[in-house]
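Can you build the whole structure from these sequences, using the hints too?
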Amino acid sequence: MSRLVPTAEMTLGPFFPREFAEGVNDLAVGSSNAIEITGRVTELDGRALDNVILEIWQADAAGRFDSPDFLGWGRAATDAQGNYLFRTVRPGAIPGRAPHVNFLILYSGLMRQLQTVMFFDDADDPVLQAVEQARRKRLIGERISANSYRFDIRLRGGEETPFFDD
Amino acid sequence: MAILIERRDPLTQAQGVEAGYAQTARRWPSQPLVRRPHTPAELSGPRVARRLPQVRGDLAGHGDKRAIGQLIRLRVRVLDEDGAPLPGAVVEAWHCNAAGKYIHPNDTHDAPVDPNFYGAARMVAGDSGLVELRTVKPGAYPVPDTNGWWRPPHVHFSVWGRVWLSRLVTQMFFPGEPLNEADAILMAIRDPEARNRCLARLVPSRTSELIYEYQLVVRGRKATARMP
Chain A
1 MSRLVPTAEM
11 TLGPFFPREF
21 AEGVNDLAVG
31 SSNAIEITGR
41 VTELDGRALD
51 NVILEIWQAD
61 AAGRFDSPDF
71 LGWGRAATDA
81 QGNYLFRTVR
91 PGAIPGRAPH
101 VNFLILYSGL
111 MRQLQTVMFF
121 DDADDPVLQA
131 VEQARRKRLI
141 GERISANSYR
151 FDIRLRGGEE
161 TPFFDD
Chain B
1 MAILIERRDP
11 LTQAQGVEAG
21 YAQTARRWPS
31 QPLVRRPHTP
41 AELSGPRVAR
51 RLPQVRGDLA
61 GHGDKRAIGQ
71 LIRLRVRVLD
81 EDGAPLPGAV
91 VEAWHCNAAG
101 KYIHPNDTHD
111 APVDPNFYGA
121 ARMVAGDSGL
131 VELRTVKPGA
141 YPVPDTNGWW
151 RPPHVHFSVW
161 GRVWLSRLVT
171 QMFFPGEPLN
181 EADAILMAIR
191 DPEARNRCLA
201 RLVPSRTSEL
211 IYEYQLVVRG
221 RKATARMP
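Residue numbers (my numbering), protein chains in the order written: chain A, 1 to 166; chain B, 1 to 228.
If you are wondering where the hints come from, they were derived from the structure by calculation, not from laboratory data. For every residue, glycine included, the Cβ atom is placed at its ideal position computed from N, Cα and C. Mixed in with the good hints, there may be bad ones.
[Said to hold, decoys possible] Going by beta-carbon spacing under 10 Å, a handful of chain B positions derived as facing chain A:
no., residue
1, Arg7
2, Gln13
3, Gly16
4, Trp28
5, Ser30
6, Val34
7, Arg50
8, Val55
9, Asp58
10, Asn106
11, Ala120
12, Ser158
13, Gln171
14, Leu186
15, Asp191
16, Cys198
Structure below.
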């Protein structure tokens, strides 16, 4: 069978429909042990970005990706101050991987999607280890309380978040 | 079914910073992207149809509620790199109206809103990977704070493939538009053939709609497809 070339990715642009980013940032609907992940998305010079679209993909609390009770996917948009919020469950470990949340970032000025990962501690994980040691702390969510974490994303400059190429 | 994802080809995919698109130099990372091993976390994917309902499939309306503009029908096939269709794939589409105005509070372009045009659809591919969208052809519009950059008519697509790394967000263009060749986003695709594949194909129509065909190819192929 002949091989097809993947379609060229292009920027999301500034006008992603609002309705597509509403009501889907809560992955833990009905769950009593939810956590919150919040953060701020900034560009060069630290300026906060409005209406950045973030999507996450994670395992359920038992480390399963195909749970019938937990989709593991959500989408949020940043507000005018650059802040986003996800409500989810703390993912379990999966074989060979520490607990983590995959992030996808889409925005005007980003020619392609950007991918990063939030970890919960400085774990022994092959994806975290792929990042040079000095930058790994940028991938570890800051525990704010028993059930809330902060994960800021700096696209460029300063304390730039490490991003992955696949 | 094991899925393989190969590294992006810099000829057929845009690179991060484009001279003609100033925001890219403020937002694309300055550090090289990190290569990571692919594990079940990246090579599995969400069944988003469980959470995202289908909305519309017809943005043009009917009768006295018809949107202004050239009526078009987009026939879009979602395939993987093996050419296999992806029935059940979720596809989001959005675009501006015939006057070049988006339904979005951040669109400051001085062009009229069309009360009969909505501008956003979410569809699920059928058995042959096909989604159909009836709509009007989008207009061109100027990009604010640029030196005369006009976006050519285009339709945005967001697609979920088989796995997390197959996620595709892209734009489809129309053939024969003079603005295509000056567009910093389309021209960022260096390979002319890859760029050409971003143009819809006009096919004969005997109805009141112009019909365009298009393919969306998501990343990923079956691990067994290539033998040594």
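Evaluated hints:
no.	hint	verdict
1	Arg7	holds (7 Å)
2	Gln13	holds (6 Å)
3	Gly16	holds (6 Å)
4	Trp28	holds (6 Å)
5	Ser30	holds (5 Å)
6	Val34	holds (5 Å)
7	Arg50	holds (6 Å)
8	Val55	holds (8 Å)
9	Asp58	violated (16 Å)
10	Asn106	holds (6 Å)
11	Ala120	holds (4 Å)
12	Ser158	holds (8 Å)
13	Gln171	holds (4 Å)
14	Leu186	holds (8 Å)
15	Asp191	holds (9 Å)
16	Cys198	holds (6 Å)
Checked against the numbered hints given earlier, this structure breaks only hint 9.
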